[in-house]
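Residue numbers (our numbering), protein chains in the order written: chain A, 1 to 228; chain B, 1 to 254.
Calculated from the structure, these hints are not laboratory results.
Since this is a predicted model, take the numbers as computed values, not measurements.
Note that the Cβ used here is the ideal one computed from N, Cα and C, for glycine as well.
One should not assume that every hint holds.
Subject to a maximum C-alpha distance of 35 Å in a straight line, what follows is the list of computed DSBU-like cross-link-like pairs (lysine-lysine) [what the hints assert, rightly or not]:
id : chain 1 : residue 1 : chain 2 : residue 2
1  : A       : Lys15     : B       : Lys55
2  : A       : Lys176    : B       : Lys154
3  : B       : Lys138    : A       : Lys15
To give an idea of the interface, some chain B residues facing chain A are shown, with a C-beta separation under 8 Å as derived from the structure [stated by the list, open to error]:
id : residue
4  : Gly62
5  : Ala66
6  : Lys138
7  : Phe163
8  : Val164
9  : Thr178
10 : Asn180
DEER-style ranges, computed between Cβ atoms [unchecked claim]:
id : chain 1 : residue 1 : chain 2 : residue 2 : range
11 : B       : Lys221    : A       : Glu192    : 19 to 27 Å
12 : A       : Ile22     : B       : Ser24     : 57 to 65 Å
13 : B       : Glu225    : A       : Leu25     : 31 to 39 Å
14 : B       : Lys48     : A       : Thr209    : 16 to 24 Å
15 : A       : His197    : B       : Ser160    : 25 to 33 Å
16 : B       : Pro161    : A       : Ser207    : 29 to 37 Å
17 : B       : Lys113    : A       : Ala48     : 35 to 43 Å
18 : A       : His197    : B       : Leu252    : 34 to 42 Å
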Amino acid sequence: MLATADLDALFLTFKVASISTILMLLFGTPLAWWLARTTCPWKGFINAIVALPLVLPPTVLGFYLLVFMGPVGLIGELTTWVGLGTLPFTFAGLVVASVLYSMPFVVQPLQAAFTSIGEHPLEAAATLRASPLDTFFSVVIPLAKPGFLTATILGFTHTVGEFGVVLMIGGNIPDKTRVVSVQIYNHVEALEYNEAHWLAGCLLLFSFTVLLILYTVLKTQPNVQQLK
Amino acid sequence: MLLTSFQRTIIISALLLFGQSSWSATVLVAVAANFSKPMTDIAAEFEKVTGHSAKLSFGSSGKFVAQMENGGPFEVFLSADEKGPEKLEQADLTVPNTRFVYALGKLVLWSSKPGYVDDQGKILTTGGYKHLALADPKLAPYGAAAVEVLKKMKLFDKLSPLFVQGENIAQTYQFISTANAELGFVALSQVIENGKIANGSGWIIPDNQYAPIRQGAVLMKKGAENPAAPALINYLKSAPALAIIKKYGYDLAN
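Chain A with its partners taken away, still in its complex shape:
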């Protein structure tokens, strides 16, 4: 069965994933909108940066974060200077890492959804004298709803599945940085296969259920590809 430490790890994981997903939607929405609309020559460059965590091994990100967010790193000196202290081994650090790591899973579905809306609904809204902000909230967001749904679910589940980055900057602190994936790894290393099985099973069931919902729910609604 699940021990208290395992339940704590599960709870912490969902806490990190929830906060990170909210932050990713907040930052990712304007970024995806800009990327979908802009003709700026830097678009390709920004797209490449956003997509980097998709192809980089998490250890690369973890290593850079550990070195640069530490007390002798550039970001670390900055965060210390503004009074935040250093980020490795903290819950905040984990959230920052998760946001960087899962961002493409939020930005890319949103960008695709925004692009597929096209010019016409926006022009129609403009002829009805809707302000750009009004257009965004009453036209774009409802039309891009499947994109938001996909972005939220993928961003959340990808953060739940995060391992390499946390292993490198977490420090395995109960209730702060000991997330489920790390806890499973520790169980396996300590040869506690029974405990590992319970937690791994929970995660498998959770991930499958979420993806099942994603694909069945999205099937009933106009999805991004059909709009194109």
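Given the coordinates of chain A, work out where chain B should sit on it, guided by the hints.
Same frame as chain A, but now just chain B:
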């Protein structure tokens, strides 16, 4: 006598095969993270002397045990403790009577800042730091030894909220060397050079503060047919290898 090209091919292939299997074979070795530096040196010497080569994988002993229990390919195992090799022996995965203690590990309290850790370890009581790094005591014997030291000093309850735990001793070292943790417990072999602590500052913890870290090695059944595997086990007991082990601050088992 003239040989046909067919006969020549046969003889050359036979020579090559023979050479492969007994003169210069390759052994796959699982090495506990704390022993990575000395083992790299030992493997280089081993290759020079015997002509065999050793491929080294570094990691935590617990992970290696789990891998070998599930068919992992390692032929020789150098653990950070005696428990791992014993467990594999009970599972009948090792060659009988090949298990031995190759080194006694030394624990050091270390910081990458020069002059930070005094040679009595008083800094532990004084405080003034936010993070104290150690290897996960559940997984790593050096972590368990660190906990033992802190309990003996009656500091465990006070300092455990500051713990940051590395998955193995190499990661623990990484936390401290990047200054993310001000100080922490690592293996002496990681920070020693020419008999003294090379960088930063440290306190080599006296032997009577923790139970000896007896590091066991064993020949796996996977390596029984590979001449390089027993050769490496024997080489580990040779004078040049023992000298290297001592150079990295380990004590030798009797």
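Given the hint that Lys15(A) pairs with Lys55(B), test it: the Cα-Cα distance must not exceed 35 Å.
-> It is violated: about 42 Å lies between the C-alpha atoms, which goes past 35 Å.
Quick one, is the Thr178(B) hint okay against chain A at 8 Å, beta carbons?
-> Check passed: Cβ of Thr178(B) comes within 5 Å of chain A, closer than 8 Å.
When you take the CB atoms of Glu225(B) and Leu25(A), is the distance between them in 31 to 39 Å?
-> violated (58 Å)
When you check the alpha-carbon spacing of Lys138(B) and Lys15(A), does it fall within 35 Å?
-> Roughly 26 Å between the alpha carbons, so the hint for Lys138(B) and Lys15(A) holds.
Kindly confirm whether 57 to 65 Å is satisfied by the beta carbon distance between Ile22(A) and Ser24(B).
-> This hint holds: roughly 60 Å between Cβ atoms.
Hey, Lys176(A) versus Lys154(B), does the alpha-carbon distance stay inside 35 Å?
-> holds (25 Å)
Determine whether the Cβ-Cβ distance between His197(A) and Ser160(B) falls within the hinted range of 25 to 33 Å.
-> Because 29 Å falls inside the window, the suggested range holds.
Could you check the hint for me, namely that Lys113(B) and Ala48(A) are 35 to 43 Å apart, CB to CB?
-> This hint holds: roughly 39 Å between Cβ atoms.
Is the shortest C-beta separation between Ala66(B) and chain A less than 8 Å?
-> Status holds, d = 6 Å.
Can Asn180(B) be said to touch chain A, with a Cβ gap under 8 Å?
-> holds (4 Å)
So, Lys138(B) near chain A? Judge it on the closest CB pair being under 8 Å.
-> holds (5 Å)
Could you say whether the range 19 to 27 Å given as a hint is met by the Cβ separation of Lys221(B) and Glu192(A)?
-> For Glu192(A) against Lys221(B), whose Cβ atoms are near 25 Å apart, the range 19 to 27 Å holds.
Comparing the model with each numbered hint stated earlier shows that hints 1, 13 and 14 do not hold.
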